[in-house]
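Colleague: Sequence:
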Amino acid sequence: MFQNKKFNNLSTFEERLKYLEDNLAQVQASTKTFFKYFSPIHNKLRASFKPYYFWHLVRYSSLVHWLILILTFIYLIALIVALTSTQYLL
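Under full-length UniProt numbering, the residues of the sequence shown are numbered 1 to 90, in order.
Keep in mind that the hints were calculated from the coordinates and are not lab data.
Don't take each hint at face value.
[To be verified] Each pair of labels, with its calculated beta carbon distance range:
#1 SER39 to GLN87: 39 to 47 Å
#2 THR12 to VAL58: 26 to 34 Å
#3 ASN43 to SER11: 32 to 40 Å
#4 PHE38 to VAL58: 12 to 20 Å
#5 ASP22 to LEU83: 47 to 55 Å
#6 THR84 to LYS18: 49 to 57 Å
#7 THR72 to GLU14: 40 to 48 Å
#8 ASN43 to ILE80: 32 to 40 Å
#9 VAL81 to TYR37: 13 to 21 Å
#10 GLU14 to TRP66: 30 to 38 Å
#11 ILE74 to LYS18: 39 to 47 Å
#12 SER61 to THR12: 24 to 32 Å
#13 TYR53 to TYR75: 24 to 32 Å
#14 SER11 to LEU63: 30 to 38 Å
We put the CB at the ideal spot given by N, CA and C, even for glycine.
Using the sequences and the accompanying hints, generate a full structural model.
Modeller: So this is what it looks like as structure tokens:
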């Protein structure tokens, strides 16, 4: 019926139901965006590209996105400080 080894190895109905509920919650969480403006783009990309869809099913993908955003801001601030520093001007 279901082509998943982990699912097929579960013996009781409750275990299978819990597994399916967890997967459903994971898929529902992957459809959310922090900025509602990007929701249509996000949904279109999820429907069009399998790697994009599966990446957002990864449990820690949101954490990775936030870390990349924070590191980018730190880099940009450091770059602005370095470029506006008067000590390096001729």
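Colleague: All hints, please: hold or fail.
Modeller: Against the structure, the hints:
no. : hint                       : verdict
1   : SER39 to GLN87: 39 to 47 Å : holds (45 Å)
2   : THR12 to VAL58: 26 to 34 Å : holds (28 Å)
3   : ASN43 to SER11: 32 to 40 Å : holds (36 Å)
4   : PHE38 to VAL58: 12 to 20 Å : holds (18 Å)
5   : ASP22 to LEU83: 47 to 55 Å : holds (48 Å)
6   : THR84 to LYS18: 49 to 57 Å : holds (56 Å)
7   : THR72 to GLU14: 40 to 48 Å : holds (44 Å)
8   : ASN43 to ILE80: 32 to 40 Å : holds (35 Å)
9   : VAL81 to TYR37: 13 to 21 Å : violated (30 Å)
10  : GLU14 to TRP66: 30 to 38 Å : holds (35 Å)
11  : ILE74 to LYS18: 39 to 47 Å : holds (40 Å)
12  : SER61 to THR12: 24 to 32 Å : holds (31 Å)
13  : TYR53 to TYR75: 24 to 32 Å : holds (29 Å)
14  : SER11 to LEU63: 30 to 38 Å : holds (33 Å)
In terms of the numbered hints stated before, the structure departs from hint 9 and from no other.
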